[in-house]
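Participant: Hey, can you work out the whole structure from these sequences and the hints?
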Amino acid sequence: MNDRLYSVEQVAERLGLHVRTVRNYVRDGRLTAVRIGKQYRIAHEDLEAFTGRPVPADPGDRAADGPRHSEVTSVVEIDAVDARTADRLSTLLTSSAAHRSQGDRPLRIETAYYPERARMKVVILGGLGDTARLFDYMEGVLDS
Numbered sequence: 001m002n003d004r005l006y007s008v009e010q011v012a013e014r015l016g017l018h019v020r021t022v023r024n025y026v027r028d029g030r031l032t033a034v035r036i037g038k039q040y041r042i043a044h045e046d047l048e049a050f051t052g053r054p055v056p057a058d059p060g061d062r063a064a065d066g067p068r069h070s071e072v073t074s075v076v077e078i079d080a081v082d083a084r085t086a087d088r089l090s091t092l093l094t095s096s097a098a099h100r101s102q103g104d105r106p107l108r109i110e111t112a113y114y115p116e117r118a119r120m121k122v123v124i125l126g127g128l129g130d131t132a133r134l135f136d137y138m139e140g141v142l143d144s
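Its first residue numbered 1, the sequence shown is counted upward by one per residue in our numbering.
The reader is advised that the hints may include incorrect statements.
To be verified - Here are the computed lysine to aspartate or glutamate pairs in the DMTMM-like style, where the Cα-Cα straight-line distance is at most 20 angstroms: (1) 121 with 139; (2) 38 with 28; (3) 121 with 136; (4) 121 with 143; (5) 121 with 77.
Just so you know, the hints here were simulated from the structure itself, not pulled from any lab data.
Facilitator: Shown next as structure tokens:
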């Protein structure tokens, strides 16, 4: 059972109707609603009964959607790094991205080393936890 209550505005947006039309449906008794203060609220079950089919989950209702999706895009610039350390770091990061389980979220890593400046750039695109672990790996290599 879904205890979700929708405002008239939310129902209008979901059904692609004007707010006034939804209010008229409520006033005419075609759409069951409860009045709370000066506003109407429509129960999820009443909305499904009105439309005659299941109402898709609200994008703002995370319990219905499952886990929230989040992604990080990070650009890390490292100064004063020698070619050997840059190579170690690049190998570690790319192998970490390559050896992942099949169900894991995608993780993409790009590295670039500029020997004339002794500078390295690392671009990471992935989930929050994966990115945080890669930062820990990078810190371990750079501190050693």
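Participant: Please write out, lowest number first, the hints stated earlier that are contradicted by the structure.
Facilitator: none
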